[in-house]
Amino acid sequence: MAKPITGKTHVGERREKRPNGDIYVYERITAYNEKTKKTYTASQKLKGKIKAGTLEIVPTRPKKRKGEVRVTNATRQHTGLTDILEWVGKASGIDDDVCASFSQGDAEKMLSIARYWIGSGGNTLPRLESWQVMHPLPYQEAITEDVYGKLFKDVGRNEDGVQKYFSARAVRLGESPVLAFDSTTISTYSENQSEARRGFNKDGDGLNTIKLLTLYSVKAREPMVFSKQPGNVPDVISIENTLTQLKCFNLAKPLIVTDNGYYSQKNMMEFALRNVKFLTLVDPNIIWVREVVDELRTTIAGMSSTCPFDPSICGATSRKMHKFSRVRQRSRNGKVAGENETISRRLYVHVLYSPDNEAKKELAFRKDLLELKAQIEEGKDEFTESAQKKIDKYLSCSRKGRGGRLKVGFNDEAITEAKKYFGYFTLVSNQTMDTFTALENYRLREKIEELFAVQKGRLDGARPRTWYPDNLRGRQFTQFVSLGYHCFLTKKIKEVQARLRKKESGKSKSLMKLEKKLETWLAQRSLAQTLDWFDCIETTRVQTAMADYRWSTESVARDRLFLKYLGVGTK
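Counted the way the numbering used here counts, the sequence shown spans residues 10 to 580.
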């Protein structure tokens, strides 16, 4: 007897293996057709798939139905600029060093403020809260005036964290770093800053100043340590504490490079006695230096003394034993405290000569003397100390007869002697060094001047903007972190530019054309303009009941190539 027809459907499963090894699992519903007397598939639905090499079924997402998608949350933020800064923090190690030196909250606040200063071009902090709304930062809560005020006070008093950060940055420099040492001044009207005193004001605005001393790695092109001092402390006596601070870092024989503002017999002796390598610019008018210049004149005149990377410079080096004298502070080894002691140390004197500088200096010298002569003849009798010295040395004044007319002449013998040393400049070191290696290291020191310009102009560092010294210390430290971001990103962009100049085989014509466009584009923009360009990239995030979605502003091929070569977004 035949099985009765019920009209019911049957639910079963069908598996289909794909070429890549995945198995798709379908739910199949079958029914019986009386007319054809055959079973047919009424419907089927994909349940999921079994990935190759596994046994478990991965279910598929449920199909969206019309009217079922409901947005639960949506945000839009500028992420192009902040993505670059986030990469800088990770790639440079700055974020790790700050987080290892301070509590999580303080570290996130400092990194957020540091990125804000870089990204906004040094805007003042009251604008941070509104800027933060559209720019994702490590600290997600609002950074109000009360928040950053308390942060600066806490960081300024946390010397343990500050020194740990300096030490962490020093570890990253490697062996035998070359460190430039220099200072700048910060002007202020405030009477609450006890360190603000009348001294040499490098901005020339006549205000009381606070001195900021910085050690800068000229090879790594990033700042390492800073400290502040009262504005009335001269540069020449600011080196001793720095030499003591260097002992706190595990640096293998660093070379300290300074300009002639730090030159003195005492400073050279401090370097020598502490076995610290130094390279400093010395005034060639000093008698013992002039003797070396006279000794090397003939050598420098030869073609072999020409600088290989700057033919306008000639140079030679002389080694000499130099005697330092000091008053003993302690009695030891039969020597009594208070006695004068003479110490001999080997020095290397690098004498360099530039005909171009000689011509410029002689022209300025002639104009200066002619101006002084005219002022005397006009009856002026009050001069600055330096001007009076020039008058006494290079001019001769006399009157003819009783009440006669004043006659001003030139002391040609003294002028000729002075002109003998025009165009010469001298570097002194206690380390064996090639003449032009010394010149190269000294020229790299000039980068620290750019550092001060960035700190004042691009990081809101021209004024203290805080009431108390501890708060200023915390604020300056946060600026110092931001300065690290700036230097690292600048260095990486220069590396990208150097890469674009190299003509490598295997590149397609389209890639070479794109690289040429990128090279031209970078040459026309400063760091601030480059960051502003990428600030237009926005990321939109939309959350629905079913899934989360994210998309960013489209970018052109040139911009994508820049980010690729820079390393942003790569693992």
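For the record, the hints were derived by calculation from the structure and aren't laboratory data. Each hint should be verified, as a subset may be incorrect.
[Stated by the list, open to error] No more than 20 angstroms apart at the CA atoms, straight line, and that leaves these computed lysine to any residue pairs for SDA-like: (1) K370 - K428; (2) K526 - I502; (3) K286 - S353; (4) K456 - K399; (5) K262 - R355; (6) K211 - Q506; (7) K329 - L282; (8) K56 - I32; (9) K162 - E204; (10) K329 - E367; (11) K370 - F419; (12) K286 - I32; (13) K456 - Q506; (14) K211 - K162; (15) K526 - L570; (16) K329 - N284; (17) K399 - D377; (18) K501 - W530; (19) K58 - R23; (20) K262 - K58; (21) K275 - E204; (22) K162 - P478; (23) K382 - D365; (24) K398 - D365; (25) K501 - G515; (26) K286 - S273.
Comparing the hints with the structure gives:
1. Taking the CA atoms of K370 and K428, the gap is near 9 angstroms; set against the 20 angstroms cutoff, the hint holds.
2. For the hint pairing K526 with I502, the CA-to-CA distance comes to about 15 angstroms; that is within 20 angstroms, so the pair holds.
3. For the hint linking K286 to S353, the alpha-carbon distance of about 16 angstroms falls within 20 angstroms, and the restraint holds.
4. Using a Cα cut-off of 20 angstroms, the hinted pair K456 and K399 is violated, with the two alpha carbons roughly 33 angstroms apart.
5. Using a Cα cut-off of 20 angstroms, the hinted pair K262 and R355 holds, with the two alpha carbons roughly 17 angstroms apart.
6. Proposed proximity of K211 and Q506 is contradicted: the alpha carbons are some 34 angstroms apart, above 20 angstroms.
7. Distance restraint check for K329 and L282: the Cα-Cα separation of roughly 17 angstroms lies within the 20 angstroms cut-off, and the hinted pair is therefore satisfied.
8. Pair hint K56 plus I32 holds up; C-alpha atoms about 11 angstroms apart against a cutoff of 20 angstroms.
9. With a C-alpha separation of about 16 angstroms, the suggested pair K162 and E204 falls inside the 20 angstroms cut-off, and the hint holds.
10. Proximity of K329 to E367 is assessed by CA-CA distance (about 26 angstroms); at most 20 angstroms being required, the pair is judged violated.
11. Taking the CA atoms of K370 and F419, the gap is near 18 angstroms; set against the 20 angstroms cutoff, the hint holds.
12. Between K286 and I32 the CA atoms are separated by roughly 70 angstroms; this puts the pair beyond 20 angstroms, and the hint is violated.
13. Proximity of K456 to Q506 is assessed by CA-CA distance (about 18 angstroms); at most 20 angstroms being required, the pair is judged to hold.
14. This hinted pair does not check out: K211 and K162 have alpha carbons roughly 27 angstroms apart, beyond 20 angstroms.
15. As the CA atoms of K526 and L570 are separated by approximately 10 angstroms, the hinted pair is consistent with the 20 angstroms bound.
16. A hinted pair counts as satisfied when its Cα atoms are at most 20 angstroms apart, and K329 with N284 qualifies at roughly 17 angstroms.
17. For a cut-off of 20 angstroms, the pair hint linking K399 to D377 stands: about 9 angstroms separates their Cα positions.
18. For the hint linking K501 to W530, the alpha-carbon distance of about 16 angstroms falls within 20 angstroms, and the restraint holds.
19. For the given pair, K58 sits about 11 angstroms from R23 by alpha-carbon distance, which is consistent with the 20 angstroms threshold.
20. Taking the CA atoms of K262 and K58, the gap is near 63 angstroms; set against the 20 angstroms cutoff, the hint is violated.
21. About 25 angstroms separates the Cα atoms of K275 and E204, which puts this hinted pair outside 20 angstroms; it is violated.
22. Proposed proximity of K162 and P478 is supported: the alpha carbons are some 9 angstroms apart, at most 20 angstroms.
23. A C-alpha spacing of about 26 angstroms is found between K382 and D365, which places the hinted pair above 20 angstroms, so the restraint is violated.
24. This hinted pair does not check out: K398 and D365 have alpha carbons roughly 26 angstroms apart, beyond 20 angstroms.
25. Annotation: proposed proximity of K501 to G515 is violated, straight-line Cα distance about 24 angstroms (limit 20 angstroms).
26. A C-alpha spacing of about 15 angstroms is found between K286 and S273, which places the hinted pair at or below 20 angstroms, so the restraint holds.
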